[in-house]
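Okay, here's what each chain looks like letter by letter:
Number of protein chains: 2
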Amino acid sequence: MKYVYSFKEGNKNMKEILGGKGANLAEMTGLGLPVPQGFTISTEACTKYYEDHGTLEQDLVQEILEKLRELEDLTGKRLGDPSNPLLVSVRSGARVSMPGMMDTILNLGMNDEVCEAIAKMTNNARFAYDSYRRFIQMFSDVVVNLPKESFEGLFDRIKEEKGIIKDTDLSAEDLQEVIIRYKSEYQNLTKTVFPTDARVQLLEAIKAVFRSWNTARAKTYRRLNDIPEDWGTAVNVQSMVYGNIGDRSGTGVAFTRDPATGVKVLYGEYLMNAQGEDVVAGIRTPQPISTLQEVLPECYQEFLQICNILEEHYKDMQDMEFTIENGKLYMLQTRSGKRTAHAAIKIAVDMVHEGMISQEEALLRIDPKQLDQLLHPIFEDVSLKSATVIAHGLAASPGAATGKIYFSAEEVQRRYEMGEREFILVREETSPEDIEGMNLAEGILTVRGGMTSHAAVVARGMGKCCISGCNEIIVDVEHKRIMTMDGKVYYEGDYLSLNGSTGDVYGQKLATKDAEITGEFQEFMSWADRLRKLEVRTNADTFRDASMARKFGAEGIGLCRTEHMFFEKERIFNFRRMITAPTPEVRNDALNKILPYQRSDFEQLFLVMDNLPVIIRLLDPPLHEFLPHTDEELRELAPTLNLSYEELKNKVASLKEFNPMMGHRGCRLDVTYPEIARMQARAIIEAAINIEEKQIVVKPEIMIPLIGDMKELNYVKRVLVDEIEKVQRERNRKISYQIGTMIEIPRATIIADEIAKEAEFFSFGTNDLTQLTYGFSRDDAAKFLKDYYAKHIFVQDPFTSIDEEGVGRLIDLASKLARKTRSDIELGICGEHAGDPKSIYFCHRIGLNYVSCSPYRIPGARLAASQAVILAKEERYK
Amino acid sequence: MKYVYSFKEGNKNMKEILGGKGANLAEMTGLGLPVPQGFTISTEACTKYYEDHGTLEQDLVQEILEKLRELEDLTGKRLGDPSNPLLVSVRSGARVSMPGMMDTILNLGMNDEVCEAIAKMTNNARFAYDSYRRFIQMFSDVVVNLPKESFEGLFDRIKEEKGIIKDTDLSAEDLQEVIIRYKSEYQNLTKTVFPTDARVQLLEAIKAVFRSWNTARAKTYRRLNDIPEDWGTAVNVQSMVYGNIGDRSGTGVAFTRDPATGVKVLYGEYLMNAQGEDVVAGIRTPQPISTLQEVLPECYQEFLQICNILEEHYKDMQDMEFTIENGKLYMLQTRSGKRTAHAAIKIAVDMVHEGMISQEEALLRIDPKQLDQLLHPIFEDVSLKSATVIAHGLAASPGAATGKIYFSAEEVQRRYEMGEREFILVREETSPEDIEGMNLAEGILTVRGGMTSHAAVVARGMGKCCISGCNEIIVDVEHKRIMTMDGKVYYEGDYLSLNGSTGDVYGQKLATKDAEITGEFQEFMSWADRLRKLEVRTNADTFRDASMARKFGAEGIGLCRTEHMFFEKERIFNFRRMITAPTPEVRNDALNKILPYQRSDFEQLFLVMDNLPVIIRLLDPPLHEFLPHTDEELRELAPTLNLSYEELKNKVASLKEFNPMMGHRGCRLDVTYPEIARMQARAIIEAAINIEEKQIVVKPEIMIPLIGDMKELNYVKRVLVDEIEKVQRERNRKISYQIGTMIEIPRATIIADEIAKEAEFFSFGTNDLTQLTYGFSRDDAAKFLKDYYAKHIFVQDPFTSIDEEGVGRLIDLASKLARKTRSDIELGICGEHAGDPKSIYFCHRIGLNYVSCSPYRIPGARLAASQAVILAKEERYK
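Residue numbers (the numbering used here), protein chains in the order written: chain A, 2 to 879; chain B, 2 to 879.
One or more of the hints may lead you astray.
Since the list gives no way to pick one copy over another, a pair counts as held whenever it fits inside one copy or between any two copies.
As the list claims (entries may be wrong) - BS3-like cross-link-like pairs, simulated, lysine-lysine; straight-line CA separation at most 25 angstroms:
#1 Lys-657 / Lys-792
#2 Lys-784 / Lys-657
#3 Lys-650 / Lys-68
#4 Lys-817 / Lys-489
#5 Lys-787 / Lys-712
#6 Lys-594 / Lys-386
#7 Lys-792 / Lys-370
#8 Lys-712 / Lys-220
#9 Lys-167 / Lys-184
#10 Lys-784 / Lys-49
#11 Lys-220 / Lys-758
#12 Lys-650 / Lys-594
#13 Lys-534 / Lys-9
#14 Lys-160 / Lys-700
#15 Lys-329 / Lys-817
#16 Lys-316 / Lys-9
No wet-lab data here; the hints were simulated from the structure.
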């Protein structure tokens with residue numbers, strides 16, 4: 002088994018083994034581009050490292066040392082040899098990019114002798130010492146896991162002692178002093194001497210990269226991004242080139258197109274006399290790439306040429322890292338660049354028009370999950386008129402956001418758990434530790450860092466509004482938890498609004514409005530629509546949701562949850578009267594009061610969904626959800642219901658269940674209280690008649706939830722049909738309607754052939770079906786699932802993507818059984834899985850008719866449905 | 002479609018259509034026995050009646066009237082014709098006997114003219130008027146549903162007015178007065194005249210019988226006895242004969258063998274000058290049948306002959322009703338007699354020895370559910386020594402019972418719901434309304450009624466101890482809720498003990514002991530054991546249960562629930578420490594303290610189950626079940642655990658789950674706390690080694706509960722195997738053991754082929770599997786299942802008999818999948834279904850290896866397993 006590959010041995014198709022970075026370094030080498038040479042230790046070696054309980058086996062060590070020898074021969078330098086020292090970088094590189102997640106070590110191979118030698122050879126002692134101290138610092142942090150703060154503190158103290166503010170003002174002697182103190186601190190903390198043997202340094206660094214695959218934050222990132230735990234990371238060992246060796250040196254990152262807008266223009270930034278980390282970390286604010294033309298015109302021209310070669314070669318927008326060492330350009334990385342959804346669409350459509358890729362390739366280029374970024378609110382014009390911009394930063398990730406400011410990710414998390422919503426996370430700069438807080442915030446505002454800083458990259462990945470480098474803000478987090486902008490003080494919890502597309506910051510709450518699907522987006526979606534077989538419907542309970550869903554392309558309502566219609570004040574009052582009714586008369590009276598509300602709700606839905614199917618589910622949740630539970634609330638409520646406190650308390654107690662998820666709910670309610678089903682059937686059919694009388698085509702479909710037994714279905718269907726016929730007689734009008742069921746009880750999937758005799762459609766309720774098939778309650782599983790992730794038992798949450806092996810098989814079985822009985826039965830899913838691309842591929846594969854998801858997920862579902870067709874053709878599934 | 006059959010048209014195989022009574026009346030007619038002629042309206046007519054919304058269709062009415070005409074021609078009498086009146090009885094008769102559940106009307110065809118005619122023809126005015134008043138009373142009660150008390154009150158008032166105590170002392174004139182008052186009461190209550198048209202009477206009566214199929218008490222009886230709702234009842238219309246026409250008339254019931262002991266001797270009782278209802282109602286105490294020899298020797302001889310014919314013909318012990326009218330014997334009914342389990346076994350074994358039936362027929366004769374009657378405790382001899390009999394009644398249903406007395410079924414129910422147990426229900430006499438209370442009581446004691454009274458018949462059916470006709474008691478229920486016996490007063494809640502085999506009543510609590518399997522019972526069971534293929538194991542957690550189970554024939558332990566071992570004081574303390582442990586050290590310390598207990602428990606089980614498999618399930622329930630929940634208990638517990646009240650309260654709160662059934666339990670606990678699995682594995686293997694060292698063969702099988710995913714199983718199995726290997730190394734001894742899983746999560750059934758790669762055995766946990774497959778929680782379902790029964794959606798509780806269509810299909814699928822992977826995999830079930838005969842037939846059919854049930858159900862399971870073999874051969878299943 003081969004574990005180590007020199008750059009010359011690989012190519013871009015070997016990502017699974019070499020990781021993304023390694024494969025692309027090999028590809029660029031193959032293309033003859035200027036790449037500092039090196040080798041890649043494969044992802045399989047990472048897996049082996051974990052199998053070997055965190056050790057590098059002797060054979061593997063040998064292989065690494067052999068490749069090192071090859072590299073030494075190639076470069077004519079030797080690692081650790083003061084006579085002609087080779088220095089290398091050690092970087093992680095997983096199959097897919099995990100920005101900021103994995104650790105990097107630069108300048109490896111340094112020790113006192115090597116440092117002196119380099120100082121002499123480069124005639125730049127300051128550079129040599131700075132490289133050395135950086136190495137000690139990184140090694141201590143990444144390999145030995147010593148507290149960052151110790152070394153940063155030492156560094157700051159020396160700056161203080163010397164009365165210096167900028168790092169670059171430290172002299173070579175100052176840096177020598179830093180090195181001495183660093184080594185002593187290292188010894189102090191570890192009780193061992195800092196390793197001087199370069200091979201020991203190398204092997205330790207490699208192990209550290211492997212270990213970093215399993216840090217908590219890497220795991221979180223993988224879970225958030227559906228990256229399997231067992232992929233592992235590769236390690237790239239590459240000879241060092243230096244952007245910080247003088248004024249004809251520099252380093253930068255660039256995109257072949259604008260990653261925020263997609264416009265075809267070289268886009269990027271660089272810092273002269275700096276190492277790569279300086280750009281990404283956002284400590285100094287970099288220059289736009291175009292200015293390089295003036296500084297180093299030849300380098301710039303060469304770079305432009307390479308950009309074209311790479312985009313042509315990869316047929317995608319590239320995100321590249323480069324370093325200039327004494328006027329010589331080196332490419333350190335290329336990869337398909339992350340981009341905003343807006344840019345992604347524009348680039349894909351442009352590339353089709355440019356003849357670079359096909360429509361189908363374009364469709365596969367976009368992650369369906371990204372699309373909902375394009376649908377998120379922008380500021381209302383009206384609201385903007387009265388607003389003034391109080392600060393301006395870099396437009397790092399587009400979209401509008403409004404929320405309360407907090408100064409740490411932890412605080413955002415804490416508030417979120419307390420039930421608060423709408424946050425703007427304000428930070429000096431973000432770091433990987435902030436990921437979860439960023440995920441919860443509406444928007445992110447940072448003081449430092451450029452367009453490629455951590456905050457900017459991560460926010461774009463999340464489709465989250467972000468303004469970075471807004472250095473007009475002064476954040477005083479540590480002591481007062483306030484920030485000052487333009488002289489005005491903002492406290493924790495104050496509202497701020499961000500426009501991530503312009504970089505404008507507003508000091509108040511602003512109203513937002515929904516986006517529109519136009520231009521390239523519309524064109525792109527039309528390609529998807531032409532291709533897909535799955536219909537896409539929406540889960541919507543209100544006129545507002547339904548209207549929005551139609552704008553986003555919904556082809557009907559796949560799930561209207563009628564219980565959501567009961568929560569308005571007057572309605573909940575009557576609903577509670579219905580629940581607590583001491584006599585059938587009171588119950589019927591309460592239901593009669595609810596009827597007009599329901600009818601008018603349904604009328605609105607039918608109106609919006611002109612000529613499209615509207616699936617209305619009968620009341621589903623347990624009745625206790627409609628009653629308050631605290632003594633205080635009960636005391637207040639009781640008299641309004643004409644009940645004594647004790648009576649109400651008893652009623653609430655009698656409704657209490659041990660396992661409400663498996664209790665008295667769904668069609669079971671209709672068995673006990675057929676009058677509820679009757680009222681709902683009447684409301685639906687009366688609404689349908691009223692709207693049909695306006696010459697609008699209505700297609701009502703009544704869905705009975707939680708069916709597990711044929712006789713249940715027969716009973717409830719009989720109740721519905723009797724009432725529907727009654728209404729039709731009263732109104733002297735026939736309405737065409739369907740009655741179907743939700744398939745969410747495992748038993749229903751087994752007897753689906755029977756059920757299909759009476760049900761005209763099935764909607765798979767994959768949330769409950771997953772709960773029951775796995776036997777775990779979603780509300781409780783979070784507690785133990787974290788152990789499941791930690792122990793690699795689960796790779797991902799089965800409530801996010803359909804568990805194809807278990808739940809999926811039941812759905813497939815039920816579909817086949819149902820079609821045997823009723824070949825034209827309409828089959829769809831309406832659980833949360835319906836918006837998940839992987840699950841949509843599955844639905845396409847087993848031949849369902851539609852998926853139904855929340856409005857914002859509709860364009861993504863339309864895209865995923867078209868991708869399913871392409872993937873099925875190519876017999877490949879993500 | 003034919004709905005009405007004359008007795009000559011039917012036979013005993015037509016029970017489904019004619020009901021049991023009708024089919025046997027037809028059979029006896031065919032045998033040439035003296036049966037008053039008549040006709041039967043089929044069970045299909047009953048179904049049709051309900052389909053026609055409670056009406057008799059015109060065609061059906063015509064058919065009934067035609068058959069009536071035939072009957073009139075046959076008897077030479079005409080219904081409603083004063084010149085030669087025919088009177089008929091109208092009785093229900095379902096497929097299986099439902100004693101006391103259905104309603105009967107006698108003397109139908111009576112009106113003023115007919116009554117006068119009969120008075121003249123019989124020259125017995127008193128008889129004529131008495132028959133008439135009985136008819137009005139029954140018709141008003143059964144057909145029109147008027148309150149019984151009104152008529153009983155009128156009757157009592159006349160007796161009072163006349164100064165008469167016994168009904169028989171009322172004169173013809175008194176009875177004429179009764180009739181006048183009855184008719185006026187009828188008119189008063191119904192605002193209509195009592196119907197005089199005999200055909201109207203007949204049709205109304207038939208409808209009433211049909212209606213009575215659906216009374217609440219009939220439904221309850223059916224549910225308790227697994228009788229499908231849709232069978233319906235037939236109606237038998239039969240010409241009347243009179244046991245109350247004078248001193249050479251009488252009526253009685255008899256069994257061809259003793260239904261309590263099974264001894265081959267004619268057994269029964271009769272009343273002279275009485276109608277059948279008088280015997281059953283227990284108002285007068287009847288005479289033993291043997292005395293009839295002296296009263297009417299010819300009748301007696303004829304009856305003996307008929308008894309022999311019937312038993313020979315039916316090849317089973319018969320339960321017969323007869324009436325003697327002026328010295329002429331008529332047979333009114335024959336059927337297979339209900340009997341105690343003891344009698345059933347003896348009769349079956351005797352009949353095999355008598356050459357009347359085969360062993361296989363004998364095995365099919367016994368209801369496996371009955372057997373547990375034979376296993377129930379009898380009084381300890383020691384306890385009996387100090388006890389004195391305070392009263393004596395009829396030994397109506399055998400067995401020993403001890404409990405607190407209550408005087409109404411409702412009170413027993415109420416107390417039961419409050420959590421009380423051990424009741425003796427004491428009643429004047431029981432009626433069908435008391436069924437549920439009787440079911441909850443340990444024993445039943447009645448003041449009036451004979452061996453065939455309602456209490457006696459029902460108690461025998463339930464296998465419940467009963468003493469009837471204990472007229473030494475004076476019950477004062479209405480006012481004081483006390484009873485007096487031998488001058489001593491007993492209050493509600495006082496203890497009484499009953500010996501249902503002797504009729505002895507003891508005025509105290511008595512210790513009981515278990516029964517033994519000997520004699521005919523043992524012989525019978527040996528036939529079953531020779532035949533059956535299914536192994537029968539037991540669910541047992543203690544030495545006591547395991548020992549008892551072996552006595553009852555258990556072939557190993559199919560389920561040892563280790564959590565039951567944690568509830569003893571010292572153990573629960575350490576278990577709570579384990580749960581609330583703030584550090585791993587405390588947790589491990591607590592587990593180490595529990596280890597010796599578990600080990601010694603397992604040692605005892607291995608000892609009892611010498612050379613038999615012992616399946617031990619790892620800890621299964623959610624941890625919160627081990628902690629108290631009230632503030633008071635928490636405050637008390639906290640310091641003992643070295644925790645503050647707040648800490649403990651928080652811990653308890655953090656363990657609270659929305660749906661604990663689907664929460665953090667089963668193998669999920671082992672994923673979070675592998676140390677629990679480790680401790681249990683160690684306890685099992687150390688115990689096994691300790692016992693094996695005593696030259697006893699141990700067969701430990703470790704069962705992992707709640708597996709839903711392969712990786713779960715892999716993880717927990719790895720933990721177990723590592724620890725087991727460690728123990729084996731420590732002890733330097735190899736133990737042969739198996740690791741398997743409980744299949745109780747629907748998903749596990751779908752991936753059973755995968756699971757079988759790692760699991761050496763499966764035990765289907767049908768309780769949880771049923772909950773999840775149906776999606777209802779057993780704890781909550783009771784609330785809505787009553788509506789399901791009422792609305793005919795469910796016929797029976799799916800937790801009693803395996804739902805073959807749903808849950809059963811999953812079990813079958815899983816078995817097939819598992820055997821594909823591992824052909825010799827051991828498959829069994831250990832849910833409560835494992836003791837249910839119908840479910841055992843199913844298990845046999847799909848080829849499981851064993852069933853595992855509670856000790857008392859083992860003999861029944863052994864029998865059912867043998868029946869499964871016979872039924873499979875005959876391709877018939879109950």
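(Q) To test your reading of the hints: which numbers does this structure violate? (A) Per hint list: 3, 4, 6, 7, 10, 11, 13, 14 and 15 violated.
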